[in-house]
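> Please build the complex by placing chain B on the supplied structure of chain A, with the hints as guidance.
From first to last, the protein sequence lines are chains A and B. Per our numbering, the first sequence runs over residues 1 to 365. Per our numbering, the second sequence runs over residues 1001 to 1311.
No wet-lab data here; the hints were simulated from the structure. Incorrect hints may have been included.
Unchecked claim - Derived, one-sided and incomplete: chain B residues facing chain A with beta-carbon distance under 7 Å:
| no. | residue |
| --- | --- |
| 1 | Y1018 |
| 2 | A1096 |
| 3 | I1107 |
| 4 | E1119 |
| 5 | Q1278 |
| 6 | S1279 |
Model, not experiment: these values are computed from the prediction. Ideal placement from N, C-alpha and C gives every residue a C-beta, glycine not left out.
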Amino acid sequence: MRDGRSQRIADWLLLYGVSVFGALVLSAMLVQATGGEWRPVLSALLDGSLRNPGRWGETLGHAAPLLLVALGTIVSSQAGLINIGQEGQLLVGAATATYFGLLIGGPGPVNVAIILFFGIVGGAVWAALAAGLRFSRGVPEVLSTLLLVTVASQAVAYALGRQWLLLAPEADRGNRNQVSQQLAEGNRLARIELFGNEFPLTVLFAVALAALVAFAMGRTIWGFRLSMMGKNPRAAKRFGVAERTYGTGALLVGGGFAGLAGAAMLAGGGFAFGNYQLVPGFSANIGWTGLLVALVSREKAVAAIPVAFVFASLRTGSSFVGSTGVEGRITDVIQGLLVLALLLPPAVMFLRDRRRARAAATARV
Amino acid sequence: MGGFLEALWDIAGSESTYINAALFAAFLAFAASGEWVAERSGTLNISVEGMLLGGAFTSAVGYDITNSSSLALLSGALGGMVVAAIQAEMSHRLAADQFVVGLTLNILVFGLVGFLDNEINPETSFASRWEIPLLSDIPLLGSALFGQRWPFYVLYALIPFCWWLVFRTKWGLELRASGENPQSADVSGIDVNKRRRQSVYFAGFTSGLGGWFLIFGQIGLFEDSVVGGRGFIAIAAVIFGGWTLRGTIAGCVVFAATLSARLSVQGLGYDVNSELLQSLPFVVTILGMAIFAHRVRPPAALAQPFVRGLR
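Here chain A stands alone, though its shape is the one from the complex (with noise of 0.2 Å):
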């Protein structure tokens, strides 16, 4: 090895320098030629995330679903299961939760773990059917996931126009039509305040849930053969790995990462997310965005963390970045170009090496 650790890692941080550097000049670019600044759009973006009073507290609370949803894709695709039906989990999930949480009524000790762990069953639940057809029928579950976001937003949106289901009663209603009780006071899950910001309980479970995850990846017998499965499914298949028990599992787990999302953000309150109410529009692209930061996080749990602390601030940032003229949207673009300037470094280094070694092969021979 002539290159050290060193050099490796020198080579690395270059390459990810390079290209999101490359992703944000691109995107100025991008506002330039539409007749905007970029100055004031990159200040707006730091304003809304940051740097303006109780802003970060926001943007973690943002960042608490994104890797909450992460934490689950990150468990599905290390068996090799593309799971990308993270936003209909999260809207089950938060549906089942919302339809237990108003049933159980009243104040108690125990309501949000019950309203969670509802939450956890229907984004199971709702994975479980792509489980259960990639399995018993075949079908790719890449293609039965996406396929039942819209089933489950229609789903939740009839659930949302009936009383006997989730819909508030008249007096509740306001002038909205479809929106349902609010989770009752005791019911909710507590809000931190720190230095002028707030953010619910969440964060703080979703940092727990990384290292959980990163430890059950790497040192249990159980990641060990969802990573054997995704990365040699023949190997696996000798070595006695059930591939319908670990996949199922493995999908369900991504479906109740997703779906405890789904609750913690209705239990967790924000404005951004219903207000501790089921609304319309509810999941509010929160299972895309947090595919995108487990996509970019490279199935490592930990790295997510920041990922899913980024992606967020670009959420929060938006709103401000329509005051400078430009289309907030290009918040959207922003993401995309950054998605795929962090898909770069390591395809890059992999064809690098694998050159190498077939250098270093034809040598011996």
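Here is chain B on its own, set in the frame of chain A:
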């Protein structure tokens, strides 16, 4: 139950059902025929959605500039191929995960098109309608198949072309070899990843045409929600059709019939639950795959990346 049958009869007897079904099916078939070519080469190309939307937007912009729907065809195809370029080069040159690249592209294109649409706001209109004499007078099906706007007829050339390309050319043989057994293909001198890149470019081309057809043959205006997830239904059609071109087209027709029945039910004034109707095409797609997916054999190396010396 009598009411239900009567409704079905009404829907099956109204000409507009067939016209709508033909339009929906054509849109799906543009995308699905290219996707079929790509899947035969071993890539499961998830970015069809982005290619369709990209093609639709660039064709709208092309029309806005040139005021010609035939030049818009070119710009639409180009737009689809730009998306395809990123997909192809990143997943079959740099060996990045094809699903990850595809998903990201879909989201990126959606954001970019939404952003640019607000800035540019292209003006579009319909292409002209061509009624084929005699054929368009056939009852029920005539105007659906032979009385459409001219972008529709491009499909009549495209589908046989896809078949010819894959089954009657050396390129197509090499393409199928790359999809069935990339290692052997590589040993016999075929550049597997090059064939896969080319097939993705081709999918970008046909999807770009699909986007153009959607704007000029079906809707007549551009919004960022025009595609609305139907790119994924096109992928499902390929699976539904068991990776044969015939089956793929049949899949497009089945899914399009569901989409069209949804419109007819509302148009004829039947009161059916709207959430159910909205999700019907997706449910039918899932059920269709559940019934047919395990009866057919996919290309052996579908969705498996090829890196020489690794397998």
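> Are the hints correct? Go through all of them and say.
Outcome of the hint check:
no., hint, result
1, Y1018, "violated (25 Å)"
2, A1096, "holds (4 Å)"
3, I1107, "holds (5 Å)"
4, E1119, "holds (4 Å)"
5, Q1278, "holds (5 Å)"
6, S1279, "holds (4 Å)"
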